[in-house]
Amino acid sequence: VARILVADDDVDIRELVEFKLSTMGHDIVAVSDGAAAIDACKAERPDLAVLDVMMPGVSGLDAIRVIRSDPSLSDLPVILLTARAQESDVETGFDSGADDYITKPFSPRELASRVQALLTRSR
Amino acid sequence: MSVARLGLVSALILTLGCVLVVVALVLVRLARDRAERRRQTLRGPVWRTVLTLSSGEGEEVADAHAALLAVTPSQRVAVEADAFALLPKLRGDARERLRDVLRAWGTADDARRSTTSRSAVRRCRGYYRLGVLAEPDRRGELLAGLDDRDFIARRTCMRALGSYPAPEVVERMIDRAVGEPALRHDFLASVDRLGSAAVPVLRQELYTARSELAERPEQGARRGQLVAEGLGLVGALVAVPTLERALADDAPEEMQVACIRALGVLGAPSSVSTLATAVLSDNAEVRRVAAQSLGLVGGRAAVPPLSTALQDADVEVARAAADALRRCGPPGESVLRDSDAPVAREVLALAAIGVREPL
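Protein chains in written order, with the numbering used here: chain A, 1 to 123; chain B, 1 to 359.
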């Protein structure tokens, strides 16, 4: 069982990801913007984060940069879940420090597999 | 009746009217809150079943499917809008399963009825839902909707048609987007969703655009621009020769620029010679975009034409060439280091501090 942070301003996606990962037995912390994601990372110390890129205020990319600049969170596995599917967007996502990149529309089962793989690798 | 008395009676009637209106508004609000609470109560368990259907595995999916087919009309109404919002965000089996349930609920007939409503909002909802359901025999309503009197409804239709990969649909979408430039983004979004299914029609339309240029230059140029953008967007490598031939003619600037951009995005090494010719064009914008595209194609073959463009009299062309040379890797960077062009030093300096795009 892992603690997973889910940050997405789209309530449908947030509910779906939260539901899928919680049915796998994980403990979910769900927030709707980048600033809350940064706060939740510091307060809840999740084992993995699933972040949307385009969120109000602080974007997912900015949130990763802040997370990576914090020595205690620099190893946190981060998956970006985003509608931005261009090659340059994926490149920017990995450059900012993401460990994986999933584009919307997405398959919940594929997301679950990637979460599990990252958790296994990070342990 | 005296004037004072008349005034008093009028004031009383007015006050009473205001009180009645306020009471009515409060009652409406209370009724709506109650209906929403009821909807939320009904929604909870059914929505969990929808989520299980969308993300579950094996038997739980079969159980969820059966449970959703057995819901009451009020339970269906409680989750229907959310299910329609969720479906386009799903991919693969999850999307198909949810779509099957929505079709089984008879939502396509409801959506079709909405498309004939007098309310533009309802028509938009109907078009959107027909797009989500993607039932081939419903495309007629959506094609007719491209001529809807309301702009937002036409936009919704254009987006919804991205679920209908038929040549006839792509042709109509192009014609509509050519006639109404404000629909360009919606057209491209739909082409992106259609992907390779749109390519044969887009290629054919590029020929149409070239022949149209003589009689209706503005329309031909717009068609060529849209089609070239679409071909680049869907990564249609098979269209590279068609795009190169379109450039060979004396096409208008916007069409040339779109074709050159598409060739850059497609990144076929065989395009270098065509782009090398374009980078010598009389038109500065064409030269600038050609330099950018050469950078996207990259490789050693792109370096000589970009070295020439680095000396271009137009600083924007030279800057685009410098940035493209940086993209070409060590052979291009070597040219930049040996150059005395100010833009070469600028691009190297920006790259040194991690800025990849020209300011």
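Keep in mind that the hints were calculated from the coordinates and are not lab data.
All C-beta atoms, glycine included, are put in the ideal place defined by N, C-alpha and C.
Among the clues, some could well be false.
[As the list claims (entries may be wrong)] Listed below are the simulated SDA-like cross-link pairs for lysine to any residue, each with C-alpha atoms no more than 25 Å apart in a straight line:
| no. | chain 1 | residue 1 | chain 2 | residue 2 |
| --- | --- | --- | --- | --- |
| 1 | A | Lys104 | A | Ser32 |
| 2 | A | Lys104 | A | Arg14 |
| 3 | A | Lys42 | A | Leu76 |
| 4 | B | Lys89 | A | Ala83 |
| 5 | B | Lys89 | B | Ala104 |
| 6 | B | Lys89 | A | Ser32 |
| 7 | B | Lys89 | A | Arg114 |
| 8 | A | Lys104 | B | Glu57 |
| 9 | A | Lys104 | B | Ala81 |
| 10 | B | Lys89 | B | Arg139 |
| 11 | A | Lys104 | A | Ala40 |
| 12 | B | Lys89 | A | Lys42 |
| 13 | B | Lys89 | A | Ser88 |
[Unchecked claim] According to the in silico footprint, chain A covers these stretches of chain B (three or more CB under 8 Å from chain A):
| no. | segment |
| --- | --- |
| 14 | 83-92 |
| 15 | 255-262 |
[Unchecked claim] A short, non-exhaustive set of chain A residues, derived as facing chain B with CB atoms under 8 Å:
| no. | residue |
| --- | --- |
| 16 | Ala2 |
| 17 | Asp12 |
| 18 | Ile13 |
| 19 | Arg14 |
| 20 | Glu15 |
| 21 | Phe19 |
| 22 | Pro71 |
| 23 | Ser72 |
| 24 | Phe106 |
Now for the hints, and whether the structure bears them out:
1. Lys104/A with Ser32/A: holds, 17 Å
2. Lys104/A with Arg14/A: holds, 13 Å
3. Lys42/A with Leu76/A: holds, 11 Å
4. Lys89/B with Ala83/A: Holds - the C-alpha atoms of Ala83/A and Lys89/B are around 9 Å apart, at most 25 Å.
5. Lys89/B with Ala104/B: holds, 20 Å
6. Lys89/B with Ser32/A: This hinted pair holds, its Cα atoms lying about 17 Å apart.
7. Lys89/B with Arg114/A: Judged against 25 Å, a Cα distance of about 18 Å means the pair holds.
8. Lys104/A with Glu57/B: holds, 20 Å
9. Lys104/A with Ala81/B: holds, 20 Å
10. Lys89/B with Arg139/B: holds, 21 Å
11. Lys104/A with Ala40/A: The given pair, whose Cα atoms are some 24 Å apart, holds under the 25 Å limit.
12. Lys89/B with Lys42/A: Roughly 30 Å separates the two Cα atoms, so the pair is violated.
13. Lys89/B with Ser88/A: holds, 21 Å
14. 83-92: holds (count 7)
15. 255-262: Check failed, 0 qualifying residues.
16. Ala2: Result: violated, 18 Å to nearest chain B Cβ.
17. Asp12: holds, 5 Å
18. Ile13: Holds. Min distance 6 Å.
19. Arg14: Interface hint status for Arg14/A: violated (11 Å vs cutoff 8 Å).
20. Glu15: Because about 7 Å separates Glu15/A from the closest Cβ in chain B, which is inside the 8 Å limit, the hint holds.
21. Phe19: Holds. Min distance 4 Å.
22. Pro71: The hint is violated - Pro71/A has no Cβ within 8 Å of chain B, the shortest such distance being about 21 Å.
23. Ser72: violated, 25 Å
24. Phe106: Hint holds; Phe106/A Cβ to chain B Cβ min 6 Å, cut 8 Å.
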